[in-house]
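Residue-level listing of the chains:
2 protein chains.
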Amino acid sequence: MNDYRAPLHDIRFNLEELAGLAEIRKSARFQDATPDVVNSVLEEAGRLAAEVLAPLNRIGDRTGNRVVDRAVVPPEGFKSAYQAFVDGGWPALPFAPERGGQGLPETVSCAVNEIWQSANMAFALCPMLTEGTVVALEQHASEVIKDRFLAKLISGEWTGTMNLTEPQAGSDLAAVKTRAEPRGDHYLLFGQKIFITWGDHDFTDNILHMVLARLPDAPPGVKGISLFLVPKFLLNPDGTRGTRNDVFPVSVEHKLGIHGSPTCVMSYGDNGGATGFLVGEPHNGLALMFTMMNHARIAVGIQGLSISERAYQKARSYARERVQGQIAGDMGRVTIIHHADVRRMLMLMKSGIEAMRALCYVTTASLDLGHHAANAAIRTHHLDRFSLLTPVVKGWCSELAQELTYLGVQVHGGMGFIEETGAAQHYRDARILTIYEGTTGIQANDLIGRKLLRDDGKAMAELVIDMRTDALAAGKSTDTDLQTMATRLSTAVTALEQAVDWLLTHGKQDAGAPGSAAVNMVMLVGTVCGGWLLTRAALTARSRLDAGVPDQDYLSAKIKTARFFAEHFLPRAQAQSQAICAGPGAIMALTETQF
Amino acid sequence: MNDYRAPLHDIRFNLEELAGLAEIRKSARFQDATPDVVNSVLEEAGRLAAEVLAPLNRIGDRTGNRVVDRAVVPPEGFKSAYQAFVDGGWPALPFAPERGGQGLPETVSCAVNEIWQSANMAFALCPMLTEGTVVALEQHASEVIKDRFLAKLISGEWTGTMNLTEPQAGSDLAAVKTRAEPRGDHYLLFGQKIFITWGDHDFTDNILHMVLARLPDAPPGVKGISLFLVPKFLLNPDGTRGTRNDVFPVSVEHKLGIHGSPTCVMSYGDNGGATGFLVGEPHNGLALMFTMMNHARIAVGIQGLSISERAYQKARSYARERVQGQIAGDMGRVTIIHHADVRRMLMLMKSGIEAMRALCYVTTASLDLGHHAANAAIRTHHLDRFSLLTPVVKGWCSELAQELTYLGVQVHGGMGFIEETGAAQHYRDARILTIYEGTTGIQANDLIGRKLLRDDGKAMAELVIDMRTDALAAGKSTDTDLQTMATRLSTAVTALEQAVDWLLTHGKQDAGAPGSAAVNMVMLVGTVCGGWLLTRAALTARSRLDAGVPDQDYLSAKIKTARFFAEHFLPRAQAQSQAICAGPGAIMALTETQF
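Each protein sequence line maps, in turn, to chains A and B. The numbering of the first sequence is this note's numbering, which starts it at 160 and goes up by one. The numbering of the second sequence is this note's numbering, which starts it at 160 and goes up by one.
Isolated chain A (complex conformation) (with noise of 0.2 Å):
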């Protein structure tokens, strides 16, 4: 009952139905990613998952990390699991061939890493880090750099991790303290990090962190960061691994979930300085650090899927099993899958994991054709409804797979409680997700403020005009199912256009306004997605099921699942709008006393 089977069915119909890879095989840099080529990388990464990191992911959550003599000692078998990860080039799949990867779409990366969280989300924690890594580098550093250590990240012969976080410096990073005083062509670094993930381990030869500084003529705030990369390891002249460098992870956290991820106080400088190099520009570090923080975003968002996936994939075997309780008419006992409360339970799960599955990977096509399509123009759309959602999948996904995981305990009653059944540990694991990588909180100041009010509702306005038209098709079908989920997801766009109103029209003169409003609407964003996106799915099953297509079963429950979502998740987009509509009037009113 602790297997993981990759759901293959489901990510196909995404992958080609929904984020539309056809197109995105249009392009000259993805013409090889043919049906066949992606048919047997997803395959391929089912296998790896079911058989090697599935069923470590138990095993990480009893052993933890320790720290001992200085270095992360991470649980039994991680360290081969990470070597078979290696040999099966999964690091390089969304690189650039140049530089050695495999060239793949990053929708493609998207599916792919679905299935390793889905799997061990502990684990995967470090490539999703180093593949962060990778991007920040190809953006931002200089020839010299990326020559020297961008290949071994791309190969996963070597990891990367993200140092931003100082005790006084969390949420607000104006306040990092790390400084990095200049030594010639590179720089000596001082200070403590913390909350950082995979720090250390044993699992490569050397470890790059990027890490956010102040030099020593920096001005005050956010503007006075700058990005260092700072190896575990230094490289003699000839690129073979020299002298250790003076950054040492010093403890552990002791954490609610995701044991199997050292989560690291790392320390800089106790012994002379740490040597590290600068990336890009001096002082501009935090919009660089943002490159590596935006892919993480989009990452943790696929967490959220990823581990929603898994806990109902428990939940639908123990419902499955566990017989308990009779049905009204019925002799005899039956299995729990037959009472309608636990069916509630899992087709809440079931709805809003297809939902997130198709916002996280039609959001990274738009980041696939932002890069790649052809035309200027529908290269400039996609970058903009890509940067629009970013915030969404990363806050959505990750509210929305507290309340999946939840229920996967919950279908479990007592047992659920029992930390050997299982259950549990998703739910602990669940919970970083709307913390790490900026809180829900912060991914919604992004919505709100860099999103919604930077182009006055434009990217917003051009996806509610998408939503309108699917909306409008499905009304048009004779389905009734279909026909539900039209009025529903109209009633839900209303609700979304008075939300997005009432920002705009408040947004820039009470100061108050945009934060009162942030959470819900990243809430009220990703609903509406989710109910659209599945309306789209439906549309596209039922022109199938017209067609004929040999695929009854999985088909017809798509449309059925999209109908659910649409009667069960889409209402609380009213209760959603309605509460940003309240303004800040009652959020702000106590005094910090009255509290």
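Worth flagging that the hints you see were computed from the coordinates, not collected in a lab. It should be emphasised that the depicted structure is a prediction, and the values quoted were computed from it without experimental measurement. Worth double-checking, as some hints may not be accurate.
The following label-pair restraints were derived from C-beta to C-beta distances [said to hold, decoys possible]:
# : chain 1 : residue 1 : chain 2 : residue 2 : range
1 : A       : Asp429    : B       : Gln242    : 46 to 52 Å
2 : B       : Pro379    : A       : Glu480    : 19 to 25 Å
3 : B       : Thr639    : A       : Glu480    : 54 to 60 Å
4 : B       : Ala446    : A       : Glu480    : 26 to 32 Å
5 : B       : Pro214    : A       : Val482    : 41 to 47 Å
Each residue gets a CB set at the ideal place from its N, CA and C atoms; glycine is no exception.
Given chain A's structure and the hints, the job is docking chain B onto it.
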């Protein structure tokens, strides 16, 4: 920051202004429960909670329980805390003076229980179950059993447990297999029970287990279950402690939360049979156990309130101390309580807690009035109300506690995920509440089947009249906050009526209808009750402010908090109602293999 202070101001307001202690005092039984007496009871409880129980909460979580030589070894300090609890006379609070009780109203006991459960939920489970045992024995046991066992339970010299669950019999008690063989004036029990909270400990001389088992001539199903009292130590004819009975803890579970309380596997009759005494009539055990379970259900609802209050106090402290970020237009960094989204989260917690407190206290007041009011019609009215709201108190408060303890972690940002911070413990502890003493699904079936359908919605219609009355009063106020509440509450009540109408129309014809509506109905009724009672609270606060009562800070906060609830929680009622009225179609649409 791990302190707890009983929120006596709001507790007193709820007791006097909402639960109507003045009315309860009119009955002969409670005339000594003067405001002065109640005040000093609350203050003493607050002191014991803050000084003795709360400091043990983390210790219990870290240490847990273990079984050594067939006995549970509880966490350090718990035994002496229990002794202090008994020395204070606390176990006797609500019980009849004739049996050594203090004869205070259940409503006061409810407030005191809130305090214990906030201070240390794992610990407080022990007296909570003892209280339930007393209630069951008082109502159903023979005078012989009462005379032998009740006094020492009421004094707390002994404790009580509930033994229902077996591996194959969870929600479905028809499947109980433990058997009882008659042996003259007693029975010998054989079987294994799981999930037995405080099934063993070293606090007291003796423990009384209430055990469901089958007699040899028992019919199958729930109509063949009998209730037995099985003491850990048999009594000598003179009432002194005799030989050790054949009941032992086999092991304790490794759980997600409430580590401080042992959850035991109990074995009966491994060495010849555990001596037990029949309570009530043969084969009628389930009905009797329901007395105990109904008591426990209210108590678990209170736990939802309590754990949320504890999490809120912690989050509030952190928000007042943690410096992070700036406010637009201001110079310098601020404590995070200044940020709109942090306020929103604290207001969700504060308003949700005050709604739960109102619901728990008002419902319990109906128990006091139902048993002790002078007028028979009033007694009937209140017993019906109590019966209607019991599954709502349990279901809604326990579900809401998930959201509020989640927010308690979220306010802490990254620190919330670190176990040493303590916010995560409340989140983990809260997770059991929607499971034990009947899952939310079980509460919901009770609400739908036994409370709404059975009387054709009569008790609910009376509740709706009370809600409409208060909405009308609020609408007539010149206070704009109250006007807003009136509008929101009216809309929510209409949504509730629609859902109830739907249920009454479809519930008896369509076998799938009740189960598909059930949990949403619990949440809907809870949400609307919360908005109703806070509106009533705001009306009282407004009139006291108008009368110049010198309590400005508290009373104005009560009004603003009620408005926040109306704007942020009440809109959910429409979503819940819509989900109910969508019916079972989409919930039941998939075949088992389509999941």
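Status of the hints after comparison with the structure:
1. Checked against the hint of 46 to 52 Å, the pair Asp429 of chain A and Gln242 of chain B passes, with Cβ atoms roughly 50 Å apart.
2. Against the hinted window of 19 to 25 Å, the Cβ-Cβ separation of Pro379 of chain B and Glu480 of chain A comes to about 23 Å, which satisfies the hint.
3. Range check, Thr639 of chain B to Glu480 of chain A: about 56 Å between beta-carbon atoms, so the 54 to 60 Å window is met.
4. Taken as a hint, the range 26 to 32 Å holds for the pair Ala446 of chain B and Glu480 of chain A, whose Cβ atoms sit roughly 31 Å apart.
5. With their beta carbons about 44 Å apart, Pro214 of chain B and Val482 of chain A fall inside the hinted range of 41 to 47 Å.
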